[in-house]
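We have chain U already, so just place chains C and H on it with the hints.
Chains as they are written, first to last, in my numbering: chain U, 177 to 446; chain C, 43 to 366; chain H, 2 to 285.
A couple of the hints might just be wrong.
Said to hold, decoys possible - The list that follows gives simulated cross-link-like pairs (lysine-lysine, DSSO-like), each with its CA atoms no further than 27 Å apart:
| # | chain 1 | residue 1 | chain 2 | residue 2 |
| --- | --- | --- | --- | --- |
| 1 | C | 78 | U | 271 |
| 2 | U | 187 | C | 146 |
| 3 | U | 187 | C | 130 |
| 4 | U | 206 | C | 191 |
| 5 | U | 271 | C | 130 |
| 6 | U | 268 | H | 35 |
| 7 | U | 243 | H | 71 |
| 8 | H | 103 | U | 206 |
| 9 | C | 75 | U | 271 |
No wet-lab data here; the hints were simulated from the structure.
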Amino acid sequence: MEGKLRNINKKWAWIAENLRFNFRVFTEYKAAFVLQSVGMILNNAAFLVVWYIFFHIFGSVNGWGFKEMLGLDGFVGFGYGVAFSLTYGATKISKMATFGLLDRFLTLPQNTLTMVSLSDVQMSAIGDLVLGALLIGAYVVTVGPSFTRIALALLFAGMVSLVVLGFTIVVQSIVFWIPNSQELSDALFEFMLGPSLMPNSAFTGAMRFIFTFIIPAIVIGGLPVNIILSPSIKGLIVMTAISLAWVYLAQWVFNRGLRRYESGNLVGTR
Amino acid sequence: MAQIEVRNLTKVFTTKIATDRPGWFGIARKTTKSVKAVDGITFDVDKGETLAFIGPNGAGKSTTIKMLTGILYPTSGSVSIIGINPWKERQRLAFRIGTVFGQKSQLSFHLPAEDSFKLFAKIYELDDQVFRRRVGELVEIFDAKDYIKQPLRKLSLGQRMRCEIIASLLHNPEIVFLDEPTIGLDVVAKQELRKVLRKLNENYNTTIFLTSHDTGDIDAISDRTIIINGGKIVFDDSTNNLKRKYIKTKRIKVRFTSAIRDIETQNVHISRSDHYETELEVNTAERTIKSVLEEIVGKYDIADISIEDPSLDEIIASIYEHNT
Amino acid sequence: MKTRLLMKSSHQSMNTTLRQALAKYTYVGYLAYKELLAYPASLLGRLAIHALRITYLGIIYEYVFTHSGKSAIHGMDALHAVWALALVQLVYQLTGSGRTFKHFKDEIISGQIEVRLNKPYYYPLQSLADALGQAPIRFVLFFAITALVLGSAFGMPTFTIQQKSLFLPLLSLGVLLFVLTQQLLSLSAFWIEDPTPAWWVLSKIAWIINGTFIPLAILPAYFKTASLLFPLSASFFLGRIYEITDWYSGAKFVGIQLLWILLIYTAIYFTYKQGAKKISINGG
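Okay, chain U solo, but in the shape it has when bound:
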């Protein structure tokens, strides 16, 4: 049993080391890190100005006002920030498969997808993460902080990161079936990101279904905002189930795609 625990410990030790390693890259380029992070904070703050003006003109959108947009921008920004700052390698799966750069990960003795995801960092995404965290905090404060709301906010912040990462992996893995599709993958990511930053309350009916269960645009912003506003067990279960589903789907799609990469038959690649 002790041996097994030690082995599990070893398996996870490299992930911790890789995260520490990725942080060291930030500190290696201090000036660029600060510039890009601050630039991204200002970039994201512009969205808030737009929405402030919008709600000033129109009032509310199906019960949503500027307060809910704070929470929305917070969760989306935080999820994007965590996924892209530390696991930026996941956004390069398409490029790596196209140019045969996955080879070196295949000769290493750990989970390929995890290695690929942790292989690169994006400094500016720290700005998304920081502002996201602040906005989530501001939202919880404006709706009335409680132990439940704070716990849900922390939990959902993590889940949203997993969903963003999972969706990124799925769309990037399209390259295993459609060659040279990096731009398509980026465009598909936009499919999620664009609507996620809109007042989700305007999406009803079929559109709401699509943006919740097929493209998780509402899952990474609108859903946690609504659940925190009115905490419920049902909301927690739905959020958890969808997050786990994206984690498993990402692993499954990537592994299936990797089999095609290993066949060497990717058209126009390598």
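Okay, now just chains C and H, sitting in the frame of chain U:
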């Protein structure tokens, strides 16, 4: 049991290529084409051997090495590396082999190599003590102490290559696969790398499996050479036998004391000639060197004379041409 | 009679006929067009994204107009608001959003620009040709999708004769201005390590005053004034087409775009010259 066993290994790629007839809006029409990159190759490699696996571009070298390391799976045939099937148990095999792919770096460009080594130690699940001892040994062997603390981006190509090889050896692999390791290196860096790989083999009995276009690598590192061309093995023997078997000609370079208009000699090919110097190619099956020398020295006033074997480059090129 | 066009790069003077120059850059544009069509799956994906974006913007604006009790704001109703936003998006799509900025900046930062300095073309024009080469086919495809999606979901607006006449000039000049502005910003890479954060901030400020998310027509007057003073907003005057009520107001928009094009191109000419000189002296 051999350390590497390859039996009837075949790899067929199916690719799409554009046809000559363009489609709508100039978008190319495509058709499917099958390419047999590796065609039923069989060979064994024993522990501690140093093998050069060479061939012209498109011969199947990289495809073979990728199948041996588990990156690609074959169309048919079998491979056993230290008793492990590389594509079925890739991660298990990864603990026991090292890989260096010439132009594809595995180290962080932004950080010192030392940081990457620490990460690799965790990836290969090495105990801290083992890692510290091992990295100390390798840094000493590779004489890398002065630069492993500098960011990789500030190192020369030769220094980076040494760091790449150290990273691939931290876990003390039984076999090291190197795909074009000296590509892009200058002459001095190449020589140093070859010396280091030789030392690695001598000190640790590590099996070296190397692909290269550089015959200097073959000469310096490998005791055995396999030549692959068009997906098939066309030569498999020691590097010395490669030279002995295929050296059928000698080159004689002659410098004369005075200008010669036309040199006359029988059954000898004149590959180059100006008034003062001549290069002769002698087929030793048709004429002995002694008889050629006696004739030249008897007829002309000689200032200098030298006899050379054809280079390994020429030998291999002739094997490629013969087997095309 | 041959027309001589003096094309000056920082390193050499090239006297070339207008015809030769046009042929050269037209071919660059043609290659850009081919490149776009070489990846049809990617192009279809981008068309789908555009359709989705204008749809959800349309849904939001239709909703807010209906439920706010306001049939029109500053004379603009829901249908025209949706179309105004879609026309702004059209300009983005014709230029590939920040594609020119990214390519040009990467060329400078990577040092690749060095090899361009001794070639017989002027790199800013080559980059412009590359950007504009895709614009016609992008216009056909993206405008068709816009008309199809918005027409079926929300309805077709009416255009006055002045608006119809000025549609293509506003679009063409807007596209040209947007590309040139990106080039000018990217030239800062000759002096600063990475101008990307600056691009983010400026382009997001532009969102507020170019009608990307809120049609300028329904914003307070000072926003409209601010948009005249900012080239990244003047590029998107097509989104303000519904403010054109007569030839004078239309001519004003076109005139401002032309003025910005002249100013920006002049700035590019001198900035690029200085940047190229810097490379020649100090290396990349």
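- Message: Run the distance test for residue 271/U versus residue 130/C: straight-line Cα separation, threshold 27 Å.
- Response: holds (26 Å)
- Task: For the pair supplied as a hint, residue 78/C and residue 271/U, confirm whether the alpha-carbon distance does not exceed 27 Å.
- Result: holds (26 Å)
- Query: Within 27 Å, alpha carbon to alpha carbon, are residue 103/H and residue 206/U?
  - Reply: holds (23 Å)
- Hint consistency between residue 206/U and residue 191/C [alpha-carbon to alpha-carbon, up to 27 Å]: holds (18 Å)
- Item | Hint consistency between residue 187/U and residue 130/C [alpha-carbon to alpha-carbon, up to 27 Å] | At roughly 20 Å apart (the allowed maximum being 27 Å), residue 130/C and residue 187/U satisfy the hint.
- Item | 27 Å Cα cutoff - pair residue 268/U, residue 35/H | It holds: about 25 Å lies between the C-alpha atoms, which stays within 27 Å.
- Query: Holds or violated: residue 187/U with residue 146/C, Cα cutoff 27 Å?
  - Reply: Holds - the C-alpha atoms of residue 146/C and residue 187/U are around 25 Å apart, at most 27 Å.
- Hey, residue 243/U versus residue 71/H, does the alpha-carbon distance stay inside 27 Å? The hint holds at about 22 Å.
- Query: Are residue 75/C and residue 271/U close enough, with their CA atoms no more than 27 Å apart?
  - Reply: Roughly 24 Å between the alpha carbons, so the hint for residue 75/C and residue 271/U holds.
The structure shown violates none of the earlier numbered hints.
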